[in-house]
Structures are given as structure tokens and as C-alpha cells.
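Please take these sequences and the hints and turn them into a complete structure.
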Amino acid sequence: MTGNDESIGADDVRATSGSARRFDEIDWDDYEEPGLFSVTPSLKITLLAGLPIVLLGLYDEFVVGDREATFVRLGSDLGLSGPFETLGVDFDPGSLDFLFMFTIVLFIAYVGYPLYRNGRMTRYYWREFKRNRPAVISLVWLGLIFVGGVLGPFLIAMPEQDLAAAYQPPVFASIDLVHTTGCVGEIRDGRCYGTWEHPLGTSRGGQDVFASVVHGMTVTMQIAFITTTIVAIIGITFGTVSAYLGGWADEIMMRFTDIVLSFPTFVFFLLILYIYGAGLGMFILVFAAFGWGATARYVRSKALSISEEEFIKAIRISGASTPTIVRRHVIPNTASSIITQLTLIVPGFLLAEAQLAFLGIGDTAVPTWGQLISAGRTSIDFAPWIVLAPGFTLFLTILAFNFLGDAILDAINPEAEAETDR
Amino acid sequence: MSEPILSVRNLKKHYPVKRGLFNREVGRVRAVDGISFDIKRGETLGIVGESGCGKSTAAASIVRLEDPTSGAVIFRGGGRTEESPAGTTRPTNVVEFGGRELKRFRREAQMIFQDPASSFNPRKQVGESVAELLEVHGMTDRKQRRAIVEDLLERVGLAASDYERYPHEFSGGQKQRIAIARALVLNPELVIADEPVSALDVSIQAEILSLLSDLQEEFDLSILFISHNMSVVKHICDRVAVMYLGKIVEIGPTERLFTDPRHPYTEALVSAIPTPDPRRRRRNITLEGTVPSPADPPSGCRFHTRCHRIIQPAGVSLPQDGWRRVMHFREHVSRGAIDIDGIKENTVADGSEATPAHLEAQVREEYGLTEPLPDERADEALDRAMEALVRGKTDEARSVLEDRFTTPCEETEPGFTEHDDDHRSACLLHSEEYDTRDVESDAYRTGDGSDTGGEDIKTDTRD
Amino acid sequence: MTANSTTDERLADAATGEQTDEPLLRVESLTTEFDTENGTLTAVDDVSFTVDPGETVCIVGESGSGKTVATESITRIINQPPGRITGEVWFKGENIAACSERTLREVRGGEIAHVFQNPQEAMNHCFTVGWQIVEAIRIHEDVPEAAARERAIELLDRVGIDNASARFDDYPHEFSGGQKQRVMIAMALATSPDLLIADEPTTALDVTVQSQILDLLAELQGEFGMAILFVTHDLGVVAQLADEVIVMYAGKVMERGSVYDIFERPSHPYTQALLGCLPEYGGAGGGIPGILPDPTAPPPGCRFADRCEFVVPDCREGDHPSELPATAADHTVACIHYGPEGDAGPIRDATPGSDRGHR
Ligand code: SF4
Ligand code: SF4
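Chains as they are written, first to last, in full-length UniProt numbering: chain W, 1 to 422; chain D, 1 to 463; chain A, 1 to 359.
Treat the hints as calculated values from the structure; they're not laboratory data. Just so you know, even glycine gets a beta-carbon here, dropped at the ideal spot from N, CA and C. Don't take each hint at face value.
Heads up, incomplete: computed chain W residues facing chain D, CB under 7 Å, no partners named [unchecked claim]:
#, residue
1, Arg22
2, Phe23
3, Asp27
4, Asp92
5, Gly94
6, Leu96
7, Trp196
8, Ser318
In C-alpha cells:
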């Protein structure tokens, strides 16, 4: 007998009663109360794929030295330096990278896998979603940014300073020679023309703008995924717990949410910045830690309305425990509003980061789009591409998130579906 | 057969009304206020009543979707103790069940809900929604769960392949079939159906009802059937309980209850069913006013504010409809519902002040009291009250009316009177003390055919 | 009583074989379509009917029959687009389907009034009910406010609102469901309409309240001499109220006739099946198996073919059967068995409740 893929340790039960094939043949005395905790496939994925990342992250944090590249050290620790070197494995991910990887695993386990498993429903959503053209384009765009962000750094090296190639124009554009120190491409009529070597031109320091934009994608995706995860986890937990506890606990939790919502995060971040100094990690942490208020509220009200639905009553009188009901029925049904909420929060974070960078108080160690825009603003009159390239990318990305949010809400809103049903 | 499967005793569910900073309880909504009944094995008991009568709350309290305020719900009363597995106390009172016992009880009492649109998780395959119940109770083999549910889907008139479909792919009637499958999958003995066909079209209703009775017969189910639709109840139930404002006013075998309703409210309800026969158009009993709030139910018999048979005190003898109007007037005066200033304002169209006589005429017309009452003393009291009222002395009007026009119905809460086998109703008219009038020949009586006093509004012109 | 006299007149007309006066409302080939994402949905498909002055016509059908859309198309209270209405609507000798939106606005709520299923949704919650009735009066008639006010109070009183003058200044939420429906009726009567279109006005109400409202409508009809076009799914209500009945299914008229024709000589298989679902007519039949055809792509031939007991291959060909006389000149049935080559005998024999006998 196979097919027991969802829980463990029930073999003996099946041995005695697995024969019942009709509901009125079941002898319930043969069945045991299920355990309190069951291992869902999503949890399995998280544990299987996430654990190594967490361990590696810890290893990086505590074992690998500051100036050492993680995988080089790992290679030597495992006695595999040779093969690592031949393969060219010499990455040095930081803690943000580990966090990023872990959140991607979470996304696969809790968004990707369920979509895969309910293939028919997914196809149905996709049909609905496809109707919205801008949203499909947005999705493609965000897909590109994601792929660029994840793979780009492996394919395209971090842009190097090269003062001899400062202010190179993008392809098909030109710049007056007075502004440049040298010209990589063709020189005609006292103007330097762009080449494919620097498709989007270079910055004042001679860094390739395209390469910088690609590396900026990584940061953008890190901000998007990590904040989303933190906000979602806190927001959903807070919202559902508050909805289900009710009474005083609910009251207190919601007042706390009000505080979080009205908290001047920006000022608080500046404060931290001036006192301790802060990098991108701190930025993400602070903004995410104060960004879940709206989500929690949303989830709470949605959870309250869903628990009034008859299907929740039906599952309640089937004897399922409250945590199970919340996990299996309430949260998945708040998903449409949570996802929309999150796709609207992410642009906010991206903009905040760009603003900080533009003000010159961002994390200069990370090549964000905001940094690039800020660096290019002094030369905007003769080398506008330095600002325009990352600026447009940022603009389109934010737009794409907004479009996507709307389309997702429309596509997976079952209420609207039930209406047309009748 | 004699042992009831479910006995409800004096069940109450009150919702506190809270106000203010400290959530002080300022009152209680008595949604269900002491109901008792039994359901026998294999029987269908209907609970009917209009919206707000507490029938759905009663259902929810019995299955512990809501925690009852007090009372007892005895499930499979006797014969149960010896089944107790070691280590459990196994009281028979559902109200006192703890976690484990409650979960066991869940297997034996299931529910069907009203709205097919919201009764399934829109993001789950319907088969999974049904199979989940098996999983909750420990059936870990996914294939077995699936086999059982597929078999069950076929039995309720769907296909095994429907397992994988989503709720939005089904029509309302099909969803209700799946809901029945979900209610049956744990092989319960009692099914509580809360308005299971109210959201469906007539042609679908009939299908679902006959499915339900077939299954009932096959699996020896007991059904508690909650509905506001008298025709449906008449069709499917063995016995019926009528609820009004949180109380059962009459309970008895369906046939008897519909042909010979003993409680005035049942009588009004039965008469209000539109009969699908154009030759039997009749005037039905008109109930005055609206259902009072369950937060502040009327004293005595809760129906007395609307009852067409409300009892006259000793010493008053008016035609029943006149008496009803007087009581209606009295009640409005007591509640302060007559706004003399408002009437004054709105009756002056030509700019002159409305005279008291003018106002009195208005009020009398409003309450249908233009003719003098045939009982002299009563008429004199009414005159005095009217006069006081239009002069703005509402308190005086009230005390005059409350002195003169009293009714035992507001003072005494009627107990149940047994009529014949298993037919009970709670109305003072049946107690010996007040049983002086001949109820049967009352002008309000409608009987069940046009020959017994029903008035045809339209006479047939053809045929 | 008005209803009787019209019935008599009609009988007289039928006897002499001539239809003298023009009906109050004559709907010709009314078709209403909606553009949806899944294609064009035909809610009402080539429907014609008439309403005589003072008469009560009931359109009865289940959900998806198009009964509500049909009545809403009369005064075009359907949004266009996505809706598209074609056909003629003759009201008092004028084709209001062709007239301008402005003229129509005067008819709508003036000579033709509507009462809807959900009074909550049909009222403005920011104004007192009295004000709303006064407004309704003054839109269509140039009367001073004081007079309109007096009339509004009279109307409220007439529809059975206790203490009408005091409740004039109350807001809709201060009324119970049944009272709100009464107020809606008062509002509809404000302009003394000739035709009242009532769309399931009692469906959301409790049975005792429903019977009060039905009684009220019957009384008012006599008093105001108006015709009522009553839309409902409840055959019981139809039997209690109607003079003439139109049975609709999937956007088409299946059968029409006097209330006695429909209940005592139901001739269309659908009407019979529908009556057969009622406990009073045997009831245990188990409903009508099957589902409505897809309104965006109706199959050829008879719309009821998939659920019909008497279906023959010819049923599934060509257009929906045209309306053919059944038992009387004005009792028609859209079923091929009533045609020249058909044999309606078996259908007639299957009349539900035929063994019931008449009282
Ligand atoms: S006790 Fe009085 S008020 Fe109550 S139902 Fe009987 S007659 Fe009516
Ligand atoms: S035409 Fe055919 S399918 Fe349609 S109702 Fe008549 S017999 Fe039935």
C-alpha cells in the first residue's frame, strides 16, 4: 500500500482497516487520532532545501573570516579545493544573499509548489490573468529582473573603475569629446560614439552602466523578496492570531498595529543611521519591521469575514482544530488580498531605498539603482544615460509591481467568480 | 424506536449586549430561550419560524458551533455509557463535552448549510473538501480517502471524476449534493440541515429533498430540518416544531400541525402559505406589527403583541378584531410610539392650529377605532385615554388604558398543553381557565378548505 | 372588482372573435443581450406579451429564465452597454422602445413604476423616506411641497405604515424589511402609475409579511386601477395573484394563458414539470433533472429539450418551437407536439395533479 505521502507512522492503522472503500463501512474505532503536527510537503521542501542554506549562512557568519570568500574556505575545509578551483567556484555570498536564497526556497515551497500541485486551478488563474495584457508584460519584465538579479552577477562581473573610459555614451548615442577622458569607440566630428562594449554607456568612474543596472537587479530582488517575506510572516501571524483570539488580546494587538502603522519609520531609520551607521541589511530590517501594519489589518478583517463563511463552519463541525482551519482554509483564502497588499508594499520599499540613496545616505557598498541615479545626477546635462537607464528600470519595475497586484487580485478572486455563477 | 437519538432540554443561547468603555453587559439578546424537544431515530423533525426566531441559532447551539448559555443536549441518551472507552468520562450531555468527546460527537452529528455559494473552500477541489473530514479523524491513507469520497459522490448523483473539480464549476444544486456528501462522509447518525434548499430553484429543491429522503432511508439517518419554508417542511418532515422569538410555541406531527394548528401563531403561518391553486384564494390571518426584538421580548406570552386571538379580561367583551385594535393602540401608547406633536405638525396643511378633536379623529382613524366600542365601559375608558393623549398627557392615557385593558396573555407565560399524541402547544386558550370561548367557531378560523370559512377574494368566472 | 371585469371582457372579446381596444402594454419581439467575456449572452430571446389595463400578469420562471431582465428591458433600466435591447414596447399606443431617454425618464417612475426585490438597495439611505416620496412626486408633477408632503403621508398611511405622519421623517434603516417594502410601494404609487412592475417584491420577506404585502397590492390595484406585471418564481404566489400567466425558461416563453389554464390545464412539459415539483401536486417527483442550457450558446431547437420527458429528435432541430394554441385561443404552448403533425395526447395525460380532482 502506497500513497501515504502526507503523514508518517500510521502503517499499523492501515493494516487493519485499509479495506473500507465506502463511507458506511468504516469502523472508526480502528482509526487513531491524528497527531497534532503533520508534515506538509511545503514544510518538507522548506526543510530539505532551506536547512543547508541556513547552515551555510551560519558557517559563513561564524567560521569564515571577514576577508575570506565563503566557498574558497568551504572548499579548503572540505578538502575539495582542487575541484572547486577547476570549476571556478569562488563565490562569497553575504548574509543578505543567504537570506535571499532562503526566501526563494520559501516562495517555492509555499507559492510555487501549491500552484504546481493544483495544476487545474493554476491554469484557470492563468487564463484569467492572461486577459490583462499590461499585467502579462509586467510579469515578463519582473521575470527578466529576477533572472538578471539571480544569474547576472555570475555572468557579468562587478563593473570596474576605468577612468580612461569615463562617460562613454550608450550605443547609437554620442557625446562631445570635451566631457570624456578617452573614447573606446569611434570618434567622428569631435564626438565620441558608443559601442556594444558599453551598451548603456559608462558612468563618471568609467563603470559600465549596464553592468551596474544588472547588479542593481540583485539588490532590488533582494529587497523585494526579503521584505515581502518578513512582512508576510509577521502580518499574517499577527492578523490571524488577533482575529482568532478576539477580546482583549485582539484589542491590544490591533492598537499595537496602529502604533506600527503610524510609526515614523523614515525618521527612525535616519536616527539609527546617524548613531550606528546602517547598511542595506539594516534598511530592509527596519522598513520591513514597521511595514507589516497594513497587512496585519487586512488579514485580520479578511480572516474575520472568512470565518463567517459556511465552509469554515462546515470544517469546524467536522472536528478540525482551529490552527488547522486557519492554516488550511483561512490563510489560503486571504491570499488574494495579501498578495495584492504585498505587491503594493514592495514599490514603496524600492522607492524609499532610491530616495535614501539619492539623498546620499544609502548604503554605498551596494550598487543599487538609487546609488546610480544619485551618482549620475551631477552630469545629467551631458550624460543623461547614467540617470535615465536605472531611473527607467526603477520606474518600470515599480509600475510592473502595481499592475501585477491588480491583475492578481482580479484573477484569483473567487468571490467575483461565485457571483457570475448564479 | 422509543429511545430518542437527541433530546434537547431547556436549551438557551443568549448573546450579551455590551456597551461602554469596560464592555459592561447592558442586556441580553435571547436568541434561543429555553427550547426542548426530542428527535427519534430515523425521524425528520422540522423547525420552522420566521427570520429572527432563533431556529438557526438553535441548530448551531446543538452542534456546539456556538456554546449554549444553558440547558442540555443529550445525544444517544441511554445505552451509551457502556460504550465508553477506558479513560474517558463520556457524559451524554453534548453541552459538557470536552475536546475528545466533542470530536467523537462530530462524527455522529453533521450539518448541511444554506448557501451553496459559500459552503465550499473556493480554492480546494470539492473532493478534497469532503475527504478532509476523513483525514481530520485519522484516516491517513490518501487513496482510501479518495475511494470513499468518489463512491459517495456517485451516491449523491454526481460522478467520481467530479472529485477534482472546483466549487465554481458546479451549479447550486450540484454543490448542495456535495454538501450532503460532506455531511455523510463520517457516517453520522444525525444530520442537521439548516435551510438546505432555500437558495435553490423549485425544480432543484425537489431533487435535493428527494435525495435527502432517499439517503435518510438508506442509512437510517435522523434529520433536524430547519426552514422558513412551510411547504418544504410539510413535504419532508415527520414532526414539526414552530418557533417564535426564541421559544417553541407548538410541536406535533406534521399532518396534524398543518391541518389542525392549535397555536394562533402556527395558524397564522399556515394560513399565509400561498397555495398553488387559483380557486382557493383566501384572506389569511393578518398579524399586526412586526416581530419584537429578542433583546426585549414581551412579557407573558411572547406572541401577545401580534396575536389575533389575544384573550380579553373578565368583564370585557368586544368583538375579537376590535379588541385586537384596542390592544394594538394600548401597546403603542405604552411604548410612547405615538408622536402627537408629529401628527400635529403634519396635519396642519392650511396653517391653522390642529384642534384636539381633529387630532383625536386622526388617531382613531390610524388605529381603526372610529366606531364606538360596543362595550360601554370599555368605550368610556378608550374615550378618556384618547382625550388625555391628544392633550399631551401621555402618562395619563397610558395608565387609563393599562388599567382597563389587560390581558392574561401578557401576565402569564403559557405552558404546554398536550392535545393528542405528541402534539403540544403553548397558548393560554388551551388552559382550562380561559377555555371558555369556543375556539373552533371563531371567525378567524380558516380551516383547510374554502368550505370551512375561508373567504374567497375572487370568485371564479370561468369553468 | 377590476380583475374580474377584465376577465369578463376578454371572454366576451374571445367569443366575438375580435380584440377591440389596444392593451395597456404590448411588448413585441423583445430581445435583450449582454456582451460578456465569454461571448454574447441572450437573456431574453424574442419575447412578446401584452398587459391589459387593470390586469395582473405574472411572469414566472426559475433563475436564468430571463424574467427579471425582460421586465427591466421594458423601461430600459438595464445599462447599455453591456446590454443590448431590441424589439418594440408599446405603452398606451406609443413605442417607448424607440423614444428618447428623456421621454423614457418621464414614463419610468411616472406611468410605469417599479418595485424591486430588495428595498434596501432601492432606497437612498441618506434621506428620510418622506423626503424620498415627496421627491418622487415632484419629479413628475409640479406641485407645491406642502401638497406633496400631505400626499406622501397619505400614501404611507395607505400602504399600512403605522403613525405615518410621525414616521415621515424617519430614515430607511429605521424600518423593518416588510415596512421598507411598503414604503417602496408608496413611492411607486406616488405618481399613480398605470402599470406597476413588481419584481419578486416578497421573496426576501417572511411568509406572514409576504401575505400582508400581497394583500396590500391586490387592494391597491383595485383602488388605483393599475395593471400589475408581477415577476416571481413562486407558483403559490402566482396562483393567488394572477389573471394571466407567462411561463419563461431560458429566455423564452414556454406557455401562456389564464391562471386557470396554467394551473388546471398545464400543457407545456416544463410547466407540468414545474408544477410537479410542488408538494401540492404530488411533489415527490424528484424535481427536474438536468441544468439550464448555456445562455451564451443555446443549442438548436427547443431550449427545454435536455430536460424534457417528451423529447423527440425533431425537438433538437431548427429554432425554438413557435407558440401554438393549446386548449383555448389565448392559451399557447411552445412545443412541437402541439403542431399540426404532433400529438399532444401523452403530454395532456401527464398533467400533474390531474387525479387530484377539483374542489
Ligand atoms: S397565550 Fe394569548 S397571546 Fe399567546 S398565543 Fe395564546 S391567545 Fe395568543
Ligand atoms: S418541443 Fe420537444 S423538448 Fe421542447 S418541450 Fe416540446 S417535447 Fe419537450
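When the least beta-carbon distance from Asp92/W to chain D is tested against 7 Å, hint result | 42 Å, violated
Asp27/W as chain D interface residue, shortest Cβ-Cβ below 7 Å = 10 Å, violated
Does Leu96/W pass the interface hint, meaning its C-beta sits closer than 7 Å to a C-beta of chain D?
-> 33 Å, violated
Chain D contact restraint on Ser318/W - CB to CB distance below 7 Å = 4 Å, holds
Per the CB criterion, is Trp196/W less than 7 Å away from chain D?
-> Constraint on Trp196/W not satisfied, violated at 49 Å.
Return the status of the interface hint for Arg22/W: holds when the least beta-carbon distance to chain D is below 7 Å, violated otherwise.
-> With a closest approach of 5 Å, the Arg22/W hint holds.
Restraint satisfaction for Gly94/W [CB to CB of chain D, less than 7 Å] | Nearest chain D Cβ about 38 Å off; hint violated.
Would you check whether Phe23/W satisfies its interface hint, that is, whether its CB is within less than 7 Å of any CB in chain D?
-> Interface hint status for Phe23/W: holds (5 Å vs cutoff 7 Å).
When the structure is compared with the earlier hints, violations turn up for hints 3, 4, 5, 6 and 7 and for no others.
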